[in-house]
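Could you put together the complete structure from these sequences and hints?
Residue numbers (my numbering), protein chains in the order written: chain D, 1 to 464; chain G, 1 to 464; chain Y, 1 to 464; chain V, 1 to 464.
Honestly, I wouldn't trust all of these hints.
Repeated chains share a single entry, so a pair holds when one copy, or any two copies, can fit it.
Said to hold, decoys possible - In silico DSSO-like cross-links for lysine-lysine, where the CA-CA straight-line distance does not exceed 30 Å:
{"no.": "1", "residue 1": "63", "residue 2": "113"}
{"no.": "2", "residue 1": "63", "residue 2": "326"}
{"no.": "3", "residue 1": "188", "residue 2": "326"}
{"no.": "4", "residue 1": "188", "residue 2": "357"}
{"no.": "5", "residue 1": "300", "residue 2": "63"}
{"no.": "6", "residue 1": "357", "residue 2": "326"}
{"no.": "7", "residue 1": "63", "residue 2": "188"}
{"no.": "8", "residue 1": "188", "residue 2": "300"}
{"no.": "9", "residue 1": "300", "residue 2": "326"}
{"no.": "10", "residue 1": "357", "residue 2": "63"}
Honestly, the hints are just simulated from the structure, not real lab data.
Number of protein chains: 4
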Amino acid sequence: MCGIIGISGVPNAARLAYLGLYALQHRGQESAGIVTIDEDGVARSHIGMGRVSETFDDENLEKLVGDVAVGHTRYSTTGSTVLANAQPYLVNYRGGPLSVAHNGNLTNAAEIKHELVNRGSLFTSSADSEVLVHLIARSEALAPEQQIRSALERLEGAYSLVIGVGRSIYAVVDGRGFRPLFYGRVGKGIAVASETCALDLLGATDITEIQPGEFLHFLDGNASQLRPLSPRPITRCVFELVYFSRPDSTVFGESVDRVRRELGRRLAREHPAPSGDVVFSVPDSSNAMALGFADEAGIKLEHGLIRNHYVGRTFIHPSQAVRVAKVKIKFNPVRDVIEGQSVVVVDDSLVRGTTSKGLVRMIRAAGAREVHLRLASPPITGPCLYGIDTTNADELIASTHSQEEIRQFLGVDSLGYLSLDAMVEAAGSSQFCHACFSGHYPTDEDPEQLVLLRHADPVTATHS
Amino acid sequence: MCGIIGISGVPNAARLAYLGLYALQHRGQESAGIVTIDEDGVARSHIGMGRVSETFDDENLEKLVGDVAVGHTRYSTTGSTVLANAQPYLVNYRGGPLSVAHNGNLTNAAEIKHELVNRGSLFTSSADSEVLVHLIARSEALAPEQQIRSALERLEGAYSLVIGVGRSIYAVVDGRGFRPLFYGRVGKGIAVASETCALDLLGATDITEIQPGEFLHFLDGNASQLRPLSPRPITRCVFELVYFSRPDSTVFGESVDRVRRELGRRLAREHPAPSGDVVFSVPDSSNAMALGFADEAGIKLEHGLIRNHYVGRTFIHPSQAVRVAKVKIKFNPVRDVIEGQSVVVVDDSLVRGTTSKGLVRMIRAAGAREVHLRLASPPITGPCLYGIDTTNADELIASTHSQEEIRQFLGVDSLGYLSLDAMVEAAGSSQFCHACFSGHYPTDEDPEQLVLLRHADPVTATHS
Amino acid sequence: MCGIIGISGVPNAARLAYLGLYALQHRGQESAGIVTIDEDGVARSHIGMGRVSETFDDENLEKLVGDVAVGHTRYSTTGSTVLANAQPYLVNYRGGPLSVAHNGNLTNAAEIKHELVNRGSLFTSSADSEVLVHLIARSEALAPEQQIRSALERLEGAYSLVIGVGRSIYAVVDGRGFRPLFYGRVGKGIAVASETCALDLLGATDITEIQPGEFLHFLDGNASQLRPLSPRPITRCVFELVYFSRPDSTVFGESVDRVRRELGRRLAREHPAPSGDVVFSVPDSSNAMALGFADEAGIKLEHGLIRNHYVGRTFIHPSQAVRVAKVKIKFNPVRDVIEGQSVVVVDDSLVRGTTSKGLVRMIRAAGAREVHLRLASPPITGPCLYGIDTTNADELIASTHSQEEIRQFLGVDSLGYLSLDAMVEAAGSSQFCHACFSGHYPTDEDPEQLVLLRHADPVTATHS
Amino acid sequence: MCGIIGISGVPNAARLAYLGLYALQHRGQESAGIVTIDEDGVARSHIGMGRVSETFDDENLEKLVGDVAVGHTRYSTTGSTVLANAQPYLVNYRGGPLSVAHNGNLTNAAEIKHELVNRGSLFTSSADSEVLVHLIARSEALAPEQQIRSALERLEGAYSLVIGVGRSIYAVVDGRGFRPLFYGRVGKGIAVASETCALDLLGATDITEIQPGEFLHFLDGNASQLRPLSPRPITRCVFELVYFSRPDSTVFGESVDRVRRELGRRLAREHPAPSGDVVFSVPDSSNAMALGFADEAGIKLEHGLIRNHYVGRTFIHPSQAVRVAKVKIKFNPVRDVIEGQSVVVVDDSLVRGTTSKGLVRMIRAAGAREVHLRLASPPITGPCLYGIDTTNADELIASTHSQEEIRQFLGVDSLGYLSLDAMVEAAGSSQFCHACFSGHYPTDEDPEQLVLLRHADPVTATHS
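Structure, rendered in structure tokens:
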């Protein structure tokens, strides 16, 4: 998963891109980068590993001159965690500086890469997105619009893209519409972003969602529609609404917060917990779901777990001598809420099950009489091929265990998963991709094969 | 405000101190430090500016050998933001290595410092706590217990202390009991910490609150009571319960979360908002209060504001050209919850009023029909002299404006402050210091005078 | 100018490459990099801006696993001072990992780059060397040897190269032999390096100079000759002997120290300074020349200038208020040697003249009665196109001023330049390029045009 | 050994102190620090581990406001290599900010420290110099001049000091005059420095050496003589002239370069090497000595060893597999000079003998027929107690081995040490301390005892 940003026709575009990336930080903390283009068409970039706040400072933002910007924050999907894979890509090609920020995953990248390498293309990263850059550069079309279009026609999979060519910005979403993308007006210019929360922060007006297959061109703050991509069946990623997007965003036409409350309500209807004294969330991802559940079930909402927001990526794990589970660093139970109670814990989803098992043990140690776990999505049985870095199927607990086995593994008194139909109904009126839950992959690839390919990378480069 | 930790008789004491400081990070992010003592009585320390996660890594923790540790995380109260003021202090005195971690503020420090300087003592920091170290070193008593006691007898103000002398750890709370301190058993040793949430994380058992005036000695994991300090009227800091402590802690004998829900309930009784459609908190500090308010008032609880937890100290403010209020970086409204509604916003307290004003404007921009602000504490009219870094009285909005003026300044339809009596009743059975609300300072100093003294510091030292 | 290293068939090849780069540090301090290949053909690289000692530490060297290595230290010639231009290049192409370390400058790079870009090649750097990588990758030959050969056939200019393909190392010098390259045996393996001083440090035996046009293949420590490149007139860079190489190296079959002493001797014959009381060098570059001069002229050698070796790239220049010339930070006169004397200062060459002017003023301030400047090379009148970053012709003092004008500008009593013939004779039996002195460029390009092209770079990328 | 600087009455004093420390870098590379005092008497300091260039940048120099400065660069003598030991010391005492920069070593520091600790003084470092700060602060005298004088009266050993009190600077040299100190006029102000090379760099005029026991006061650029310290027999450190000072300095009234040439000449007279074909130095410390030797002996001077100046403190030693002696990284022989020759190597002194042994082996490997080592000072048989960090007597090769044993250990054909009388005569007209050569320690302490005391340090503190 990644967050992407585009700015056209706004002075100090790098500052806006920086703010926008801040608002999209939840979509990726592995690397952050901004490319700017100045009035003479000269491109500058700054990219670094880590969060936006670690990568940018006043000094390097100041050097990113220009009123056009492309920004990216990365959560690794394919490719190693190294600087070479950080985006936006920036190259010079015959059309001038070309920069690309990609959210999604290209399912036929390995195949096309193989062909391009045999024709002499040099790849500097192990990320799938680099294939697109080469296809644009090798296109025989003359106009950038045609070069991009011909490149996209060869690609399968998920892509929401912000592409800079010279002083132009192009924004496009694949025909299936897996990942969100929006644009709005900022002053006399335009901003493009993965989620509305970033456009809100920039004070954007006239915020519009870019529809599946839609292809837009922005130059000096003017927007124009290009001919759409060939239509495909629409398959919005339902997990964007369940987990990934920020609750204050509107995604696929729906308020994320509202969808999550509705998921909680439907969960309460499908799997009430009549013996429960108190309901609480695993903060902050399932807060809205717990609210909906409590409301619908008529059980009191409390804050049973406190999250330590200071726990970052650099946490040093204690030696074994100190027998503290990793989960305790991040969450602490509120004994006064839990002790002697039958508690209903609402979470958004269950991947490996190890964190939840730790949480349940901790809640029991705080004195819970009964623990009922309610999940606002169905069992995850397969990997995502379209941009979320889930693991191999055999690490997904629901792909190898029955619900009763999972219940015993977690040590809960009861376990309830929301049904696929209920999740999709709550998610709104779009058509959705729910491959990781249902196994119905909208594209033709073999999931196992693709996941394997992701980890083959013969070059490791570091920089200092 | 600061967080302090002590460990006695547990192998790899630095690792436990590190974990404990992580749990106390909300009490101070300016600096962090750990001193350890090994089996031969040799002391080692590592101290740095910034958060615990920025200061410590595997390499420097590995070098902190020993089964005894003293830890500190600082939120500046007196003294500049420089390394020289970071704690724990570590010096060699005639009793061996002496280390001090202090939470609180000594109100007669300036006076004693003046006297000590005239007698030839050298001060390397501008913090009040250094006075204590000099008093111990200059005491003519022979036993460390007596040296500490004679030093404390000269001091006024707030102090919860962890002091290491040789391989011994001493823990003591001033007779008024302004700041919390706890200890518990960890394996065959002892851990001391400012809040129970840190002891929970260490897996401590038999957790006991150190009472006002109580003086304890820990050696090789054994605890012994020393003669208590001279008794004083008890004046627990009510703001620990209202704002400072973590909700999963138990402080002054009360569950912080429970007290906060009760504050919310009493607020709903004193200042109901009958026209309100929806209640929400300013996350995360007033979550429990909003829960109590919604429950008592019978108004629906929602999540109307989303907090961006990635905003750290290093945020670079956008140029004026980008007209985004600072508050928008940290909070974003959920339009779906707010639009067209009469909203009740519950917050814990109001200091300067500038952040709240920004929030209100943002909530109105998201479409709120009416905004009712409810504060779970009385107007703050004076500075804290006992360890919380509030500013001069003239920056406190309630010290210079009437409630109606504040309501107009904030731009809310109605404004309700919880009464002093209701706050104190909700806070439990202790006696409290509520000087910042009531002006009744339990010690004799002139508040204005003391606040001025804090900012006089003729030496600035930096290191690289 | 750059230093390059190759290692084949020696365990911990990165450690040897690191040592070798240390010995070549005088050839470039802008960036340093090492690529290694392990027994499975997996490539790893680490590259950083700055000196070898700043870029590498025990941790990153430890990760560079393998018995094959390619190393590079860069002194910018073309392209900006940014990480993207640091070498070795490392890409995956259809033959596996391909790494390139280049010393020299390709004079037709811009032209070929233009053509490659039009055919869809993507350039990530602004350095000329990247063209070679693309030519190899696009070659239609099957064997790496043929791919490299066909790429080199297209290139003009100066190149001494170490190229890694899979586990093989190729070493080659252009047919004109502008830049030096050597190899020798280290244990059971082979080391390649720009100068013999690096091979000395590795304890290499059987050290052999790679002749112009010679093309070698090393695999698992075995060396084999490949068919040489098409022959060209030999034009060794005379400046390698005059200035660039380390005096303890043997270059182009000659001891650099011996050549420099001979330059000094011939200078004394052509331009004796009969009134001189004392001779000294500008340390350390002209030490050997001053020795030869003093010996031949029969004037006493002294140390008249002391060099401060601690002055690095990070020196902060004092404000104008402090009127200390930059040259005084680096050199200080020995008054006892200079006062009242007629001094002969021997230097290797004169570029802009500003440093020498500062030195002369300083020597006069130390009491010199007369100052005679002797230069062990002719006036520099044109830019170097083959790898030395001299500036535009109009900044070279000798391209726009007569010798008498220069003498007056420098403020010396007499000025003597060694003649072209004498320099070339002292430099040994090779044929030489002396284009910067004589204007006879061995290749066909227009010098002015090429220097301009170097500074056109539409993309600037930084990393953190 | 350390370098110290004082500035009085010059705008941007920190910039001058920075320049001065650059020139004194050879006297200590462990830490560097500057304290400034502004017009209101406010002190600021910046101190860091490492070289001047690593510690200071434009940003931190900019913050050091004021026209008064005290600077220090440290080469550890007593105390650990930690920030707490870096100077200048800066404390607030009753006279205002007090800063101290000390060059030398106090031989009765441990004794006085013990007494002060018992009286309640707190020591934050393990360095001997801190004792002085406490003595000044505890002095009962009223005037700073008297406080300093009474403190110095209690101290034994070597001290050249720059002391800042308020806006005044005091400079003083102990009565025996072990270490050099100078002052001169810079603009309308005054600069004080350990060596004249630093004053030269600042463009100082009227440079005057501070004599043993001399005590000076500088305020706002005006100098005044204070009553001198009680007279002691003068014992200048002869090693300052032999090794430590920079050759372009004038120290103890003598040109260092001239003294060194004379040492070389006398060495040639005492120990000629009639069979020698060529003479060379171990660069750069014995350059002047080799010049004098060659001149006197009538043997040709050459450059037989090249020094790699890029070798810094961060060098990573190769694994054992790479059998390269550490000495080869730093020096490389010039084969052309050495091969087949009988060489005379002139060095300044011999401490442990391990480096010389490596050098000799390297010179033989480069083909030398004979190697004759000549040392421009007598055998070192005892530790220095006055500021040079030599090691225990049993590590000094000459304290445990005869000259013939040393000759065999080093593997040289002949070995000649300059006699004590000749060294002292060459060193000029002062009286000298030559305790490390002769065993005649001018103070009363037991050398063995003192060296042991230096390594006892019960506290280790690091910072980040």
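Hint-by-hint comparison with the structure:
no.	hint	result
1	63 to 113	between (34 Å within a copy, 27 Å between copies)
2	63 to 326	between (41 Å within a copy, 23 Å between copies)
3	188 to 326	between (49 Å within a copy, 22 Å between copies)
4	188 to 357	between (52 Å within a copy, 28 Å between copies)
5	300 to 63	neither (53 Å within a copy, 49 Å between copies)
6	357 to 326	within (12 Å within a copy, 39 Å between copies)
7	63 to 188	within (23 Å within a copy, 41 Å between copies)
8	188 to 300	neither (49 Å within a copy, 40 Å between copies)
9	300 to 326	within (29 Å within a copy, 35 Å between copies)
10	357 to 63	neither (48 Å within a copy, 34 Å between copies)
Checked against the numbered hints given earlier, this structure breaks hints 5, 8 and 10; the rest are met.
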